Amino acid sequence: MSNSDGTGAPGNFIGPDVPFPGAESSVSSVGEESSFSPSDKVESNFRQGLRVFARNKLALISVYVLGLLVIACFIVPIFWRTNQTSLLQQIGVPQNQPPSLHHLLGTDVNGFDELGRILYGGKYSLTLGFLAGLITIVVGTLYGMISGFFGGIVDTIMMRLLDAMLSIPNLFLIIALVAVFGKSTPFLIIVIGMTGWFLTARLIRSDALVIKNLEYSQASLAMGASKLHVIRRHVFVNSMGNIVTVGTFSVADAIQLLSALGFLGLGIQLPATDWGTMLNEGTQELWNGYWWEVFPVSILFIVVIVCINFIGDAMRDIFEVRLRDR
Amino acid sequence: MLYYIGRRLLQGFFVLLLVLVFTFTLPYFLPHGALNAAYFNCAEHQTKACIDTFANTYGLNQPYFQRLWHYLWGVFIHFNLGLSFKDSPPQITGILRVYIPRTFFLALSAFILATVVAIPLGIYQAWRRNRPADYWFTGVTFMMYATPPFVLGFLMLDAFAIHTFHLPDSPPLGVHPWAMFTDPKGFILPVLTLTSLQIGSYSRYMRSNVIDVLVQDYIRTARAKGCSPRQILMRHTFRNAMTSIVTVLGVSIPGLLAGAVITESVFNYPGLGLIVVQAAQDFDTMVVLGVTVVVTVMAVLGNLIADISLVFINPRIRIMGTEK
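Quick mapping for you: the protein sequence lines, in order, are chains A and B.
Quick note: the first sequence uses this note's numbering, first residue 237, plus one each step.
Quick note: the second sequence uses this note's numbering, first residue 67, plus one each step.
Be aware that a few hints might be false.
[Claimed, not checked] A few chain A residues facing chain B, derived, Cβ under 10 Å: (1) H339; (2) G342; (3) M394; (4) L397; (5) V416; (6) S420; (7) P532.
What the hints contain is simulated information worked out from the structure, not anything from laboratory work.
Bear in mind the structure is a predicted one, so any value in this text is a computation, not a measurement.
All residues carry an ideal CB built from backbone N, CA and C; glycine is no exception.
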């Protein structure tokens with residue numbers, strides 16, 4: 237863990253703490269601006285991780301791109317207002333206009349400004365993806381840790397339940413749930429989150445199984461620590477790598493799942509929208525040659541998914557201690 | 067071995083039971099409980115007579131446990147999945163007999179094609195890792211993975227069915243299973259759409275697995291004793307990496323079927339996916355249940371086949387219970 241070679245990048249080189257979904261909540265609270273000076277012999281785990289992350293150029297670019305997109309989706313609409321919510325105001329507005337100076341990316345089938353629509357839909361896509369990913373990771377982690385740590389009959393029952401859940405294709409489950417309980421946005425978040433955690437739980441469980449038998453956990457238990465304490469201080473902390481990595485990927489999965497639901501007409505309902513619903517509306521117009529309703533948003537969608545996956549890959553590299561040079 | 071298969075099948079049976087009970091209970095949370103379908107079907111004239119008749123016809127008035135018992139008995143003893151509220155003839159078993167081969171054929175051909183393409187691709191990427199070739203292929207597979215299947219499907223339709231080649235925009239629709247083979251060209255676009263979706267995830271798994279194997283000591287030993295790269299890849303790496311990819315392939319079957327839902331609606335090909343979406347919107351709960359049964363059975367069997375084939379791929383794996 238020591239920064240033995242003096243040639244390594246000095247800490248201030250790492251760059252600012254850029255917000256990116258998935259990792260923000262868990263990592264940035266470690267205190268990045270701590271009192272680091274070149275004389276420090278031991279580099280903190282977090283700093284070392286950042287260094288590995290920063291060396292991955294693709295991931296770094298992805299963080300910037302995502303950060304830019306978040307700013308664009310959440311801040312730009314405050315200054316540059318377009319009507320995106322009132323269908324009533326759209327009466328008489330020309331529809332499906334090609335890009336022009338007035339509408340940079342044209343207008344869509346309801347006459348909404350396409351560029352503004354992308355930003356507006358992005359707000360839903362990103363928020364929903366992030367929240368659903370958060371639910372996924374919280375539920376999956378809790379379930380996996382409890383199952384793995386307690387073992388025995390608890391583990392058996394929980395894992396069989398998980399097997400049952402895993403063998404229902406999750407789109408089928410969501411279709412059934414959405415059909416029964418309706419299509420409100422909070423419910424969509426919960427449904428997507430609650431149907432995504434099965435694989436996460438399995439992964440975290442296998443981590444917990446290993447960690448609970450390691451010497452430090454056993455020693456802690458032998459010294460009289462409560463099970464809760466061991467779970468919190470040892471099992472949770474040591475499976476953090478997997479949790480953060482899987483969390484990042486699950487954000488991307490949630491966004492994709494939401495788009496699939498949007499395509500089936502079960503997603504976010506008009507006048508609100510997300511990228512999946514927009515893509516669905518756009519592709520219906522593809523035959524007419526309205527390319528501006530398909531390509532910008534699909535490129536953006538792909539870029540976001542690819543970026544999140546690159547970041548996830550970089551996360552895995554960070555926590556893969558074997559790959560670190562010391 | 068037989069003991070193991072039997073135990074897994076028994077386990078699968080309980081999984082199926084659990085899934086069935088869960089899905090069966092779901093409609094009870096609707097506004098009118100099990101009677102929701104009756105209210106939905108009597109939409110124009112919600113008279114007591116209409117609702118009562120409907121409920122009596124389908125036995126919706128019976129107590130929960132009695133219905134559940136009836137249903138489970140029918141499924142497991144008679145392979146009878148109940149009656150649809152909408153379609154005629156209403157026997158769901160008969161309805162699904164038309165749709166299952168379609169989805170199965172679509173999913174299976176995509177699965178085979180994806181495996182055949184993705185496994186060599188993953189190995190190649192791992193072998194040339196962090197070189198330009200790897201970056202290019204990683205980029206392409208990432209794109210395949212990230213593109214929503216319906217966008218890909220519509221773009222392919224636009225390009226290859228309308229502007230060039232003029233491929234059929236929908237696979238042949240016929241009631242008989244062999245109708246699928248009357249116009250094989252119709253399958254090109256849907257299968258390609260579903261395949262490219264799968265290639266993205268399979269080749270990524272394969273790449274990371276092969277990389278994990280390539281850093282092992284025995285690979286270094288093999289290299290040291292003078293094995294050719296080809297030998298290292300085929301004899302040492304491939305077989306070791308197969309273990310994990312086969313598991314992944316087994317687990318991926320639900321995802322494959324979910325992808326089929328989208329593909330079927332893009333290419334307007336009524337298979338399991340399309341009817342389940344329709345049935346869910348019409349509150350035709352028994353059809354949803356029936357499809358869930360079929361899909362769950364497919365997933366459980368796929369998992370089982372994956373686990374069994376592991377034994378043949380990797381002789382180090384001993385199945386629990388077969389050892390003395």
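Going down the list of hints, with the structure as the test:
1. This hint is violated: H339/A has a C-beta 22 Å from the nearest C-beta of chain B, more than the 10 Å allowed.
2. Below 10 Å, beta-carbon pairs count as interface contacts, and G342/A has none with chain B, the closest being about 18 Å; its hint is therefore violated.
3. Interface hint at M394/A: violated, since its Cβ lies 12 Å from the closest Cβ of chain B, which is beyond the 10 Å cut-off.
4. The criterion of a C-beta within 10 Å of any C-beta in chain B is met by L397/A, whose closest approach is roughly 7 Å, and the hint holds.
5. Hint on V416/A holds. Least Cβ distance to chain B is approximately 5 Å, under the 10 Å limit.
6. At about 15 Å, the closest approach between the beta carbon of S420/A and any beta carbon in chain B exceeds 10 Å, and the interface hint on this residue is violated.
7. A cut of 10 Å between beta carbons decides the hint on P532/A: the least distance to chain B is about 12 Å, and the hint is violated.
The structure fails to meet hints 1, 2, 3, 6 and 7 from the earlier list, while all remaining hints are met.
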